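As they're listed, the protein sequences go chains D and W.
Reading the first sequence from the start, the letters are residues 1 to 360 in the working numbering.
Reading the second sequence from the start, the letters are residues 361 to 687 in the working numbering.
Honestly, the hints are just simulated from the structure, not real lab data.
The model shown is predicted, which means the values in this text are computed figures rather than measured ones.
Just to be clear, a hint being listed does not mean it is correct.
Claimed, not checked - Restraint ranges, calculated between C-beta atoms of paired labels, are given here:
1. W:Gln678 - D:Ala347: 56 to 64 Å
2. W:Gln557 - D:Val197: 45 to 53 Å
3. D:Glu288 - W:Pro673: 49 to 57 Å
4. W:Pro544 - D:Gly84: 36 to 44 Å
5. W:Pro544 - D:Gly59: 43 to 51 Å
6. D:Pro201 - W:Tyr618: 50 to 58 Å
7. D:Pro304 - W:Gln678: 51 to 59 Å
8. W:Leu680 - D:Met61: 39 to 47 Å
9. W:Ala660 - D:Glu288: 52 to 60 Å
10. W:Pro400 - D:Glu288: 19 to 27 Å
11. W:Arg634 - D:Pro151: 45 to 53 Å
All C-beta atoms in this analysis are idealised placements derived from N, C-alpha and C, irrespective of residue type, glycine included.
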Amino acid sequence: MHPEPDARAGVRTLKFVQALNEALDLCMANDPRVFIMGLGAPDAAAIFGSTKGLAEKYGPMRVLDTPVAEHAMTGVALGTALDGMRPVMTHIRLEFAMLAIDQIVNQAAKWHYMFGGQAKVPLVIRMVVGRGWGQGPQHSQSLQSWFAHVPGLKVVMPATPHDAKGLLISAIEDDNPVVFIEHRWLYNVHGPVPEGVYRVPLGQAHVLRAGRDVTIAATSLMTLEAVRAAEDLAQEGIEVEVVDLRTLNPFDEAPVLASVRKTGRLIVADTGSRSVGFAAEVIARVAEQCLTDLTQPPVRLTLPDVPTPTTRALSNYYYPLVHDLTAAARRLMGRPVRPEPEIKPEAFLDVPDPGFSGPF
Amino acid sequence: MMATPAPSDTARGLLRGMLRIRMIEERIKALYAEQEMRCPTHFSIGQEAAAVGVCARLTREELITSAHRSHAHYLAKGGDLRAMLAELYGKVTGCARGKGGSMHLIDRAAGFLGAVPIVGATIPIGVGAALASVMRGRPRLSVIFFGDAATETGVFHESLNFAAIHKLPIVMVCENNLYSVLTPLRWRHPDGREIAQLARGHGVATLQGDGNDADVVHALAGEAVEHARGGRGPVFVELATYRWLEHCGPNDDQHLGYRPPGEFAAWQARDPLRLYTERLRSRGLVSDADLAAMTSAITAEIDDAVTFARSSPFPARQELAEHVYAP
């Protein structure tokens, strides 16, 4: 979950949240059209630190605080984008963007197409997915499959600090509406982050770890869980290939298909719920294009089709754990599956690392 | 309100603008029956004075937005007629390459930012355009047209609140035509509360008047744009007017019985085009010969646009998947 700072000489490491902050800072410094808007964007908490220092540096009109009016504020952001600005909206919880579905789905996603290419919508909407400390049913949803279902939207889910920065820069420079979904549990993860401007192109999945036996295609936090599972499985000789999907729309299926052609075994691990979720889309693409390469039925590891419970006595059994990934891989390999670790209802599985303290 | 009559040239321009919109809408009405314009179409007949009186106060660069009933606004702002008719026919020469239709007009060169049929949706978008101009340090007026029903949406209130906070250069024009589809205002708003009170509640300056009197509209719009351009914040203008035809489509709908007896006749007696024609005649500003010349020139313009639209090609099949994303 929480890789230590990269020890390799000469590689700078940053936290995921610092990488986001650096991307915003560089884009604002390089382009006066870029601005941030959202409730609390310039406040002391600074969107969990991701906008820290930017209001002081760029002023209140470029880190614009807003009323609690997500619907209109999204329309306002769209209006500025149509008029040549490059807004970055922030929602400290994904659920708050639900108030703005008309502006996201009916308007931002459609204006380029329905006006025959004349309107451009360079709009980024950042949404943070919460988890743990009792976030509960309305502070924890991971609805990427909704947004990925809408033609005209791009949907991005970075998993590493490197990609958080590179993908956010690409998203801000893109002339289309981009839903940029950040998992709260990634914010303190360290990783190598190059200095200066670099871009991770939208629409490119990426093999994070190579392996010959099992493919795990994963989104967001589940990518890091997949890497941990791969490390465990490597000790018993199972080589897992982890494909970080990174962009859900446009979806880059080629690395997944190539991996499945090699391994013949597929697990899709997504932070969303199960039915009609993005994992189903990945499996459908594989079934359409390389079904006969699969030696075993594919596996989905997702949230159950249940709203998020608040008490840890229930949420401890709600989120998939590394054990679920390793067990699925062992089954696909025909290896014995170890007994599920006993999880006590009162256990503290509701924080990503001991450095977190509530509320958050 | 008794408005100061517009100066002669302006008055003739207002008359010509209303006559042109009426004649274009009447032509579309006639052609619509051929079943070749295959898109939901909301006619502006009876509401021409609001569009023409407001847009006469605007520069070409100043932006307007509209909603489902947008023909009059598009035309009054200087939107291209050929491109509008081609759009209704679904042709590639249409203002949205046929991908929008009547409910999605656009003409950026004329300062028509766009129209969409989700009620209230273009209100924050117009606010955003004003905000962008302020952020660039060159404030530019946004005028946002909508109907009475939009004042019932949450996004209207959210947008007014935000525009008031930042004193943005915005004129919000509410054409109150008394109906949302077939549902009358009295079932949607409480008795005794004026629509303008909603705007006043947000600390926004308001103006109200007869939306069927082009001089009144022109005078109110002048006051509103002066206020908004002067950095004193948004203005809400409520214009009383009336929809003559069915909500969507080219037909009369008197037989449906949802309008109280006599209501339609009373409003027809206050036809904005006829009222203004008579006023300008009585002021000696137009003669029968002037009107005949206007009518004939507009007819020729419409003939040309219809021919252009009909003879234009449809978009090629590969356009289906084009413009999903900007390159």
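Each hint, compared with the structure:
no., hint, result
1, W:Gln678 - D:Ala347: 56 to 64 Å, "holds, 57 Å"
2, W:Gln557 - D:Val197: 45 to 53 Å, "holds, 51 Å"
3, D:Glu288 - W:Pro673: 49 to 57 Å, "violated, 35 Å"
4, W:Pro544 - D:Gly84: 36 to 44 Å, "holds, 41 Å"
5, W:Pro544 - D:Gly59: 43 to 51 Å, "holds, 48 Å"
6, D:Pro201 - W:Tyr618: 50 to 58 Å, "holds, 56 Å"
7, D:Pro304 - W:Gln678: 51 to 59 Å, "violated, 43 Å"
8, W:Leu680 - D:Met61: 39 to 47 Å, "holds, 41 Å"
9, W:Ala660 - D:Glu288: 52 to 60 Å, "holds, 57 Å"
10, W:Pro400 - D:Glu288: 19 to 27 Å, "violated, 36 Å"
11, W:Arg634 - D:Pro151: 45 to 53 Å, "holds, 47 Å"
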